[in-house]
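S.K.: So the sequence lines, in the order shown, correspond to chains A and B. Under numbering that gives the first Met the number 0, the letters of the first sequence match residues 0 to 247, in that order. Under numbering that gives the first Met the number 0, the letters of the second sequence match residues 0 to 303, in that order.
In short, the hints are calculated from the structure, not lab data. Please note that the accuracy of each hint is not assured.
Stated by the list, open to error - Away from chain B, derived, C-beta distances all over 10 angstroms, residues of chain A:
#, residue
1, I40
2, T72
3, A142
4, H170
5, Y224
6, G236
What the hints assert, rightly or not - With a straight-line cut-off of 16 angstroms between C-alpha atoms, the simulated EDC-like cross-links for lysine to aspartate or glutamate are:
#, chain 1, residue 1, chain 2, residue 2
7, A, K90, A, D70
8, A, K107, A, D70
9, A, K36, B, E1
10, A, K149, B, E1
11, A, K36, B, E8
Glycine is no exception: its CB is placed at the ideal position from the N, C-alpha and C atoms.
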Amino acid sequence: MRRALLLAFLFLASPASAEQLVSGVSQDLIQITSTYKGSDIVVFGAIEGQPSGEPRTPRDIVVVVRGPESDITVRRRDRVAGIWINHDAAKLSGMPAYYFLASSRPLKDIAPQNALTHYSIGLQNLQPDTVHSHHDYEPFRQAALRHLTKDKLYTETGGVEFLSETLFRAHVPVPAGVARGQYKVEVYLFRDGEVQSAQSTPLFIDQTGLERRLYNFAHNQPFGYGLAAVAMAVIMGWISSLLFRRPN
Amino acid sequence: MEIYLPIAEMSVQWIVILGMGLGVGFLSGLFGVGGGFLLTPLLVFYGIPSGVAVATTLSHITASSISGAVTQWKKRAIDFKMAGVMLAGGLVGTAVGVWLFAIMRRAGQMDLVVSLTYVPMLGIIGGIMLRESMRTSRARRSGNAPGRIHPVNHVWIHGLPLKARFRQSRLYISIIPPIVIGFLVGAMSAIMGVGGGFIIIPAMIYLLRMPTNVVIGTSLVQIIGVAIVTTLLQATSNYAVDIVLAAILVVGGVVGAQFGVRAGAKLRGEQIRFLLALLVLAVALKLLWDLVVTPADFYSIGGS
């Protein structure tokens with residue numbers, strides 16, 4: 000919540016810098032169809048205006064795409080009487096289901112830690128809004144980061160390319176397993192470790208066509224949907240026994 | 000060759016899913032088991048969320064069981080009365096199972112309960128079947144007439160009240176044991192996404208002493224009933240049935256089941272029981288292994 004307010008402030012009242020960020024996304028709606036196997040979007044932009052101070056220090060672009068907020072439950076196994084069982088758990092609320100970050104240089108060279116924490120830029124700076132846990136939740140958070148990174152839902156790369164002094168772009172992979180919902184594409188312009196300008200663009204990911212209708216059917220008329228699934232299984236099982244009837 | 004599953008919300012290689020359906024369908028036709036105890040772990044291993052895997056496997060079980068049951072029905076190898084009695088217990092068991100499912104899910108102990116109940120149960124059943132089938136096989140080879148199957152402690156079963164005549168099975172026994180077996184299997188079906196054939200069949204052979212030729216058909220009818228009801232419960236309470244995934248599994252399953260039934264007709268009863276025993280023991284060992292071996296990662300991510 001605090002982050003949202005901060006961002007709103009930043010986006011509305013740009014700091015008194017002469018440099019402005021103009022950015023766009025190649026797609027603002029991704030439709031998941033039956034053959035969807037992941038896609039790429041391109042985030043691009045330009046830096047307009049001249050820096051106010053001299054001498055010129057390097058400027059950096061950070062692109063963040065984050066997905067719908069979700070609750071992540073992490074469980075830890077402990078050995079009890081010789082077998083491994085789920086013992087402790089932590090529920091991390093308000094973590095993004097998808098997080099992609101691309102930067103023009105390693106984050107630690109771009110800005111000091113407190114600035115990154117402020118805008119929750121970087122995987123290590125993703126914090127849940129609330130935590131249900133009896134223990135220190137940090138190891139559970141680390142485990143969540145590790146698992147989601149392995150599933151390619153969390154990514155941190157140096158994938159921002161400068162095409163010229165002022166033009167940049169980044170490719171953002173949207174894997175097939177992403178959750179449906181509203182995403183945010185955020186672009187930050189850093190100089191001297193401070194955010195000079197930032198832009199946020201919404202991105203929607205949704206199912207379409209038959210997939211959408213089946214999903215709605217399953218949730219709006221679950222009993223009818225269940226009957227349809229049963230009928231499908233019964234009819235196909237019966238047909239197969241007719242087709243494969245032994246000739247005797 | 001990828002297809003998007005609307006309920007699981009992920010893309011899968013449909014040819015792999017079809018292959019799983021075929022393979023498990025073959026085993027289900029061969030042994031007369033639904034194959035859920037293999038298919039559910041396979042789907043989870045592939046990356047399908049476990050809730051969806053449990054619920055959707057039941058469609059596969061329904062279809063391949065019907066395919067097998069029609070074949071058995073034509074051979075007049077179904078005891079409908081016995082199936083009905085077991086199903087009565089099974090439906091109550093299903094309701095209890097769905098309730099337990101919710102409690103264990105909330106506590107995060109789903110996997111543990113599944114493993115702890117599977118390991119001893121599969122181990123004992125697999126062990127008994129393996130010993131019996133090898134003994135019968137040896138007796139046949141040495142030229143002796145195969146000895147009768149020795150029922151496990153059947154004296155008390157014959158002392159129970161509410162006796163009924165099961166003409167097809169040539170039995171006159173109390174209806175209480177079949178109802179209890181049906182109840183237990185119904186509960187397991189809801190909790191684990193299995194049809195329970197691998198429990199019912201040995202129970203019918205060794206506890207109820209039903210003739211082997213009616214056992215497969217009769218267990219299929221009971222499994223079909225429980226699978227249909229559980230599918231409806233899972234669809235309405237958990238929205239976890241993925242009809243696209245189910246369709247692919249079903250197509251593979253029914254084709255595989257037909258080949259399985261045919262292969263089964265070429266094998267003798269004790270050979271089928273020997274192979275099923277090996278399969279059951281393999282699954283038990285795998286589950287035991289996962290329980291005692293130090294995990295590579297102590298942390299896991301579960302649904303909310």
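S.K.: State for each hint whether it applies.
M.R.: Each hint, compared with the structure:
Look at I40/A: its CB is around 17 angstroms from the nearest CB on chain B, clear of 10 angstroms, so calling it non-interface holds up. Not every beta carbon of chain B lies more than 10 angstroms from that of T72/A, the smallest distance being close to 5 angstroms; the non-interface claim is violated. For A142/A, the condition that its CB be more than 10 angstroms from all CB atoms of chain B is violated, with the nearest at approximately 3 angstroms. In this structure H170/A is separated from chain B by more than 10 angstroms, as the shortest Cβ-Cβ distance comes to about 20 angstroms.
In this structure Y224/A is not separated from chain B by more than 10 angstroms, as the shortest Cβ-Cβ distance comes to only about 5 angstroms. Taking the minimum C-beta to C-beta distance to chain B, about 3 angstroms, the non-interface status of G236/A is violated against the 10 angstroms cut. Distance hint between K90/A and D70/A is fulfilled; the C-alpha atoms sit about 7 angstroms from each other, no more than 16 angstroms. With a CA separation close to 28 angstroms, the supplied pair K107/A and D70/A exceeds the 16 angstroms bound.
Distance hint between K36/A and E1/B is fulfilled; the C-alpha atoms sit about 7 angstroms from each other, no more than 16 angstroms. Of the supplied pair hints, the one linking K149/A and E1/B is violated, its CA atoms being roughly 21 angstroms apart against a limit of 16 angstroms. About 11 angstroms separates the Cα atoms of K36/A and E8/B, which keeps this hinted pair within 16 angstroms; it holds.
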